[in-house]
Amino acid sequence: MKSNLANLRPLWTGLTVVAALAATGVLLRPFEQPAWVWVQARQPALRLDSIKGALGQGVTVGLLGGFRAIVADFFWLKTNSVWEDSDLPATQTFIKLVTAIDPRPLYFWQNGARMIAYDMPHWRIAAGGGYEAVPPAEQRRIDREQAEVALRYLHEAFVHHPDSPWIHIEIANIYINRLKDYGAGAEAYRNAALLPGAPFFPARIHAEMLRRLGRNAEAYAWLKSVYPTLPKEVNASKKITQFHVDSAMAPVFLERIRELEQELNIPKGDSFIP
Amino acid sequence: MRAAHHAVPFSLARLGIVAGNTFLEAVRQKLFGFLLLLAVALVASAQLFREFNFGSSELKFIADFGLGAMVFFGSTLTIAATAQLFFSEIENRTALTLLAKPVWRTEFIFGKFLGVFTVVGVFCALTTGLLVGLLYQRETALMAASPEAFAQGCLIHYGDLVLIGVLQWLKFGVLAAATLLIASFSNTNLYTVVMGFFVLVICHLQYLARDAYAQVASLPLRLLVQVLGYVFPNFQLFNVADQIGVGAALDPLVFVRVAAYALIYIGVFCGLAVYSFSRREI
Numbered sequence: 001m002k003s004n005l006a007n008l009r010p011l012w013t014g015l016t017v018v019a020a021l022a023a024t025g026v027l028l029r030p031f032e033q034p035a036w037v038w039v040q041a042r043q044p045a046l047r048l049d050s051i052k053g054a055l056g057q058g059v060t061v062g063l064l065g066g067f068r069a070i071v072a073d074f075f076w077l078k079t080n081s082v083w084e085d086s087d088l089p090a091t092q093t094f095i096k097l098v099t100a101i102d103p104r105p106l107y108f109w110q111n112g113a114r115m116i117a118y119d120m121p122h123w124r125i126a127a128g129g130g131y132e133a134v135p136p137a138e139q140r141r142i143d144r145e146q147a148e149v150a151l152r153y154l155h156e157a158f159v160h161h162p163d164s165p166w167i168h169i170e171i172a173n174i175y176i177n178r179l180k181d182y183g184a185g186a187e188a189y190r191n192a193a194l195l196p197g198a199p200f201f202p203a204r205i206h207a208e209m210l211r212r213l214g215r216n217a218e219a220y221a222w223l224k225s226v227y228p229t230l231p232k233e234v235n236a237s238k239k240i241t242q243f244h245v246d247s248a249m250a251p252v253f254l255e256r257i258r259e260l261e262q263e264l265n266i267p268k269g270d271s272f273i274p
Numbered sequence: 001m002r003a004a005h006h007a008v009p010f011s012l013a014r015l016g017i018v019a020g021n022t023f024l025e026a027v028r029q030k031l032f033g034f035l036l037l038l039a040v041a042l043v044a045s046a047q048l049f050r051e052f053n054f055g056s057s058e059l060k061f062i063a064d065f066g067l068g069a070m071v072f073f074g075s076t077l078t079i080a081a082t083a084q085l086f087f088s089e090i091e092n093r094t095a096l097t098l099l100a101k102p103v104w105r106t107e108f109i110f111g112k113f114l115g116v117f118t119v120v121g122v123f124c125a126l127t128t129g130l131l132v133g134l135l136y137q138r139e140t141a142l143m144a145a146s147p148e149a150f151a152q153g154c155l156i157h158y159g160d161l162v163l164i165g166v167l168q169w170l171k172f173g174v175l176a177a178a179t180l181l182i183a184s185f186s187n188t189n190l191y192t193v194v195m196g197f198f199v200l201v202i203c204h205l206q207y208l209a210r211d212a213y214a215q216v217a218s219l220p221l222r223l224l225v226q227v228l229g230y231v232f233p234n235f236q237l238f239n240v241a242d243q244i245g246v247g248a249a250l251d252p253l254v255f256v257r258v259a260a261y262a263l264i265y266i267g268v269f270c271g272l273a274v275y276s277f278s279r280r281e282i
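Protein chains in written order, with the numbering used here: chain X, 1 to 274; chain G, 1 to 282.
Covered by chain G, per the in silico footprint, the following chain X stretches (three or more residues, Cβ under 8 Å):
| id | segment |
| --- | --- |
| 1 | 9-18 |
| 2 | 23-36 |
Partner residues aside, some chain X positions facing chain G, computed with beta carbon under 7 Å:
| id | residue |
| --- | --- |
| 3 | Val39 |
| 4 | Phe67 |
| 5 | Ala69 |
In case anyone wonders, no lab produced these hints; they're calculated from the structure. By construction, the Cβ of each residue, glycine as well, lies at the ideal position given by its N, Cα and C atoms.
All chains should be modelled from the sequences, with the hints used to inform the complete structure.
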């Protein structure tokens, strides 16, 4: 009987250790949780949905070792290698893998979306016999399909970059250049312009798109609302540099306002006063 | 062989002697020098890999790369050194001689832990110091070349970088304590090293079990995943370095919480290692 109990001792010790560790985990969870929420909020890659695309690809050790950036860079090289071969399935897979491994750099999202929306339609048309062989309606269908894939991909980027104007700008360009949907493009440029830290050009292009759609009154109102917010001169105390002044292009905004006043027949007395 | 320590009270001095000997033994090993050299070389070569960087800013890439080298080689050093230093005492029969004297097994286990923890501390201090120097030198050069990009001030919070080094050290401490727990019941060095790496991987992926358990349909499997989520500590909690290189700062309260979390786990793992080792015949 005694020897039977002695045989069970390692099992008993093991169970005690596991139970003690589980109890520690339970007791520490409320203490750990606020810190974990903080860490996870700053690293969207630390979410199950983000990582599951990358697991099982032989990159786990790299990720665990902390080499997330360099593993992603390696796969980005691989993406470009298959892109040069116009290998559509491989390129699409690697594009998604790169952003699954490291969703932080905007560069991957922007360039991945461009490959999907701008290059892949040409590959598909070439595979179908070229522009002479593929009917225009079919070409438009392919363009639309690829643009939609790219837009879905860019919308995934919002999980990681909710406040980035550059994702909105990329979306706007796809609507305008691939889908010829100026309304949706104008809206995306407007979304970009409204974000803090946005560059100045999306506000100007939003107005241009409205003009193209014949919505001149809207464009005029928009430009008038934006113009006072533009930096017009260097101000060190407000951290306004020459670069800010040059890139804001306030004189061009004013020129557009004057053009629209003429087109809308705004009386001289009611014209915008800068 | 198990009752010798009852004759004398617990002594921090004896614990310190065990820790000091463990530290000296560790730094004399080729493994420490080799891994330290590799880590230092890799951190220092981060600048050479700049051309390989596509996505992040240059400083962010250097910080990521340097911390990656620290985590990778630090984990390897922690597991290998802990297992080797523990089993060298068992295999050379010095543990038998030592524990025949009035030395508590608690003193032996905690002494071993402190010795390894100090070695890993030296490793972390050297690699963090090198990374701080490298980033400072590069940031100063970039500030001189394009001051407008640094209109908001420095991008690197060097104090935070040091705190991150401290957190990595504490994480290695948890890993060393967990490896000691495995060694306390294991029969071979190899088994301990392999299990140590398994624990490292599981602790890094523990957060996935936490996220995944709600999505598991089968109740027994869900319970198992939930228990796994509680048994292993969450090593991704120490992954606070993402803010380095983008101008953001580390919340001091988060640092305190994570550090306390590590210290509690170190205490628990070492305590369990003592419990397990005290029931072992050597």
